[in-house]
Structures are given as structure tokens and as C-alpha cells.
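Colleague: Top to bottom, those sequences are chains A and B.
Quick note on numbering: the working numbering labels position 106 of the first sequence as 1302, and the sequence is numbered without any gaps.
Quick note on numbering: the working numbering labels position 19 of the second sequence as 26, and the sequence is numbered without any gaps.
Among the hints, a few may not be true.
[What the hints assert, rightly or not] Here are the simulated lysine-lysine pairs, DSS-like style, with alpha carbons at most 30 Å apart:
1) B:Lys-67 - A:Lys-1396
2) A:Lys-1396 - B:Lys-116
3) A:Lys-1205 - B:Lys-125
4) B:Lys-177 - A:Lys-1397
5) B:Lys-134 - A:Lys-1397
6) B:Lys-116 - A:Lys-1305
7) B:Lys-116 - A:Lys-1397
8) A:Lys-1202 - B:Lys-153
9) B:Lys-153 - A:Lys-1371
10) A:Lys-1205 - B:Lys-153
11) B:Lys-125 - A:Lys-1396
12) A:Lys-1205 - B:Lys-134
13) B:Lys-62 - A:Lys-1371
14) A:Lys-1371 - B:Lys-130
15) A:Lys-1371 - B:Lys-134
16) A:Lys-1371 - B:Lys-13
17) A:Lys-1371 - B:Lys-35
18) A:Lys-1205 - B:Lys-67
19) A:Lys-1397 - B:Lys-179
20) B:Lys-130 - A:Lys-1396
21) A:Lys-1397 - B:Lys-165
22) B:Lys-125 - A:Lys-1199
23) B:Lys-67 - A:Lys-1199
24) A:Lys-1305 - B:Lys-67
25) B:Lys-130 - A:Lys-1202
26) B:Lys-130 - A:Lys-1199
27) B:Lys-177 - A:Lys-1396
28) A:Lys-1397 - B:Lys-62
29) B:Lys-86 - A:Lys-1397
30) B:Lys-62 - A:Lys-1396
31) B:Lys-130 - A:Lys-1397
32) A:Lys-1396 - B:Lys-236
33) B:Lys-67 - A:Lys-1371
34) A:Lys-1396 - B:Lys-13
35) B:Lys-62 - A:Lys-1305
None of these hints come from the bench; they were simulated from the model.
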Amino acid sequence: MNKALKILKDNFIYLAFIVVGLLPVFGLPNYQFYIVERGMQNALVVLSLVILLGFTGQLSLGHAGLVAVGAYFYAITVKNYGFSPWISLILAPVVTGLVGMLLAIPSFKLRGPFLVVNTIAFGEIVRILILNAVDFTGGPFGLKGIKPLFSGVYLYYFMLVVVLIFAIVTLRINKSHIGLAFKAIRDDEVAAEIIGVDVKKYKLLSFVISSIFAGVSGVFFANLTGYLNPDSFTFEISSTYLLMVVMGGMTSTTGGFLSALLVTALPEVLRFLADYRMVIYGLILLIYIRFYKVLDIKKIFSKLNFKKGSEVVE
Amino acid sequence: MSSLLKVDKAVKRFGGITAVDGVELEVKEGQVVGLIGPNGSGKTTVLNVITGVYKPEEGKIIFNGEEIQGMAPHTIVEKGIGRTFQNIRLINSQTVFDNVWLGHHVNSKLNIFDIILKTRREKEELKQVREEIEEVLDFIGLLSIKDEYIGNIPYGQKKILEIGRALMAKPKLLLLDEPAAGLNNTESKELVQIVKKINQKGISILLIEHEMEFVQGLAERVYVLDHGKKIAEGTFAECTNNPLVIEAYLGTGRGDKNAEN
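Can you make the complete structure from the sequences, with help from the hints?
Modeller: Below, the structure written as C-alpha cells:
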């Protein structure tokens, strides 16, 4: 019993992916299916924030900007320069990674709220650049007719596989000495440096990995919508990502994945409430944040567990 | 015995205060050296200057024949200087095992791709590191609590754990910043044994300590600081009999009594 629970807990992420992978079999209507796809795309950004915020403790409220860089890079190279979508898929995360490197540099000196303001500024700069570089990005009119990698359900499965790979990468980083270095930086930056962790290097690494994830998410966004517009990359979107990662438990890969799907779907599920939709949405989030510890999977598991041998003797 | 660490006329100022004023200090290979002095005499600042937390304004720090002043702290750890903290600085969200693992960080040859792809190199290193960690935990006597979280273990064990973490980096020189502070008598005696064992492995030790008994039992050579200046050096007995030390460190009134002990 105990062992079965442990196996279930360790492999919960695969279970979640299998369930999500079976969704098309049930034949969801187009719009609902699109929401699930958007949830998957958001899950990538959440994984990116799990690494950056959950592990390394660097709060970014500019991730919509990184997603925008990935999405626009894909769209512009494919549409205006005739790149193969597959080449752009590979190049977009590389470019976002480089941008993320620039974003990392202020984090060497800035901490806490100062870094947050910096990342907000980054997100806004990217959005305003897109808005004004009309020749490249179409500005406020957006970019239409972006060629996707696949069509229909194939894109869904491709995304599922990519998100699963990235989730496994996140899990592996979590259990490695690099993950440990990230957490040391999160908990005590000065001590981390003095016991031998190259703080700058690991902050840079964390930002780059995080940006790569966000860049891939951007490519998927362009694929899903086929249309890009600067309004899709506002500060509000960045804060929704933050909400998702906090609801997922900050450091949990599985939790982040599930909460991305739920938070993406929630406003749509509540659409029948019409005018009261966002009020109820906010209320549900508040209730969740207040009571999420009750839902702590770890605790539920430990309550289900049988007592250890020593406790039985007592 | 050749010189391992040499602090050559190091000066560190904070605004108008000279915290370290031309301190000279030497640790030879295999030696246990004590650094004592009253509160605020600049002992920890000397340590911070050696480990790269502060850059000295003047003077040199020579480790293993190489000038290390101004290097980043993590580079200095790589060169072979390990340290512990006066106020415990362990990673509280992690287990005992993970905290010791973090000490191995500087010796790790793995890069991010090894970890993402789970290469053979990664598996081999992990296996070896796991053995090393267990060896170190066994050495400091904490193997039985390796899966405990830091928040659940007592103060004394945390202090010893910090030494374990420093040992994982395979240092040539270990700097201990008040290791016995806050420990009870038994723990303190255990610690003396551990420090002796570490020294027998060939690791030199620079010890900052308040508790005189602790230094007396261990240090071959003692340096005394007062107001950022070195006021005496020599064996423990020589230093405690030095009138300057008695005046500065033990206080003039009670000096004679303490010296006799």
C-alpha cells in the first residue's frame, strides 16, 4: 500500500500527462479543445517560472515579454523571411535565451522588489517595441496568417510531448546539484557564494533556461492562434503566469502543470456567469489561496500512509 | 613545513573605522592555528578578507604561493579554502544530505547537459558523490540523520554539519569561525575530537574562538588581535602570559588569575 502510493506520487506527472493526452479521444468541441491547448502552452511558461522563481527565487513579472520574443521571432522569420517553421522552432528559443541573458545581468546587483520592477520594465519595453516597429511586427494591427508546424490534433500531441520533455528536464534539474545551487541562492545568496556556488553563473543559467522555456511557449502561442498582437503580451498576462506558478506550489512541476491548465480554463468555464464572471473567478482564487494547504497532496498522502513500525510499537 | 596561507599586512576599512589594520598571519601546512581576541577586534573580518567576502584595501593574501586577494569567494573555495560561519548558514529548506552535497559543488564536473540527458558521467559521479557524502557524514557522526530537514536538527549538530559541508569541497585549509560558540561541554569535547581528526587528515585549520579552553587544546600557534591589530603571537601559553594580551583580552583586573589557570 505504502509502496504503491509512493510509486503513484513519484509518477504523478506521467499520470497527469496521460489524462491530458486522452482528452482528444473524448472529442472535445473545438473551442474547449483550444482552451486546453492554451493551457499546455501556459504550462511551459509556468515550468519556466518554477525554475526561475521556485528554485532560484528570482521573481520575474516580465515573462510575457519573453513569450512575445519567441512568438514574434517565429512569426516574422516564417512569414516575412520564409524560414521553415521547424528551423524557427529551434532558433526562437535560442534568441529568447540570449534575451534572457540580458535580463539576467541586472539580477546580479538587484534583489527583491528592485528586480521585479526591472522585469516589469523589460516586459513593457518589449511590448512597446512590438507596438511601434510596425514594419516588422505589424504594430497594433498584428501579424496574420502564420504558418503552423502541424495542424489540428497533431499539434496538440506535439505540444504534449514537448511539455512532457520540459517537465522531465525541470524534474531532473530539481534533483541535481544545479537545482541545489539554485535553491541555495534562493535561501541565502551570500552563503551560497561563500561555500563555492558561482552565484552569477547560476543566476544566468536559471534565467537562460527559463527564457528558453518561455520562447518555446511563444512559438506554440503563434502556432495556436495564427495571429499575433501586442495585447496578448501585457503585464496582466505576466501576473497571470505568476498566479499559476504560485497556485501550483512554486517548486512543484506537476502542480505547475495542473494549475496552468486549471487557471487557463477557469475564466472560460465561468463564462455562463456573464458579468459576474471575473468576480467569481477572483473569489475562487482567493478561496484556493486561503485553503490550498488543505489540498496539499503530500499531506494527504502522508495521512493515508500506514504508521511506521516504531510508531506501532509505541 | 611550508607556508600554506600568509596574510601580509592586510588592511580593511569600513568608512572611518579600520577593522583590520596591517594584520600579519601565517598558517603552515598541517598546522592548527588559533586566532583570538576580544569582541570587535576584527577576527571575523580577517576571515572575510581571506575568503574573499571583503577585498582588502592594502596588503596581500597568499595561499599556496598564489595571491588570492580580490578573487570572488567561490573561486577561493575552488583554490582550497573552506569555511564555516559564526551564525549557522545552512540551507534550511533542504535535508542534511543535500546540505553536505552542496559542499561538493566546486568539485563537480557535470554541466547542465549531463543533468538533462542523464549521461553515464552523471550516474558515475552521483554514485561516487553519494558514497563521499555518506563517508563525511559518518566521519562527523551525523549519518543517522542524513534525511532530516535542517529545521528539525539541534543547534550543535548544525554547527558540526557546517564543518561536514566545508569538508566536501576537499579544502587544504579549513577556517572555523567560532565553532564552539553555543555548544555545551560534551558537544564541545566531541568537536575537539572532530577537529583533531580533520587535522590528522592533513588539512590545516585556522580557528577563531572565544572559548579559551577550546583553543588551548588544539592550536599549536595563536595570534591575538585587538582593535584590528595583531598584538601577540606564539604558543597559547606565551600569548596568555603576554601583558598586552592580558590587558586587552582578559582585562587588567582579572588577568593574573586567568593566566595562572
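Colleague: Mind listing which of the numbered hints don't hold for this structure, in increasing order?
Modeller: Checked against the structure, the hints that fail are numbers 13, 16, 17, 18, 23, 32, 33, while the rest are satisfied.
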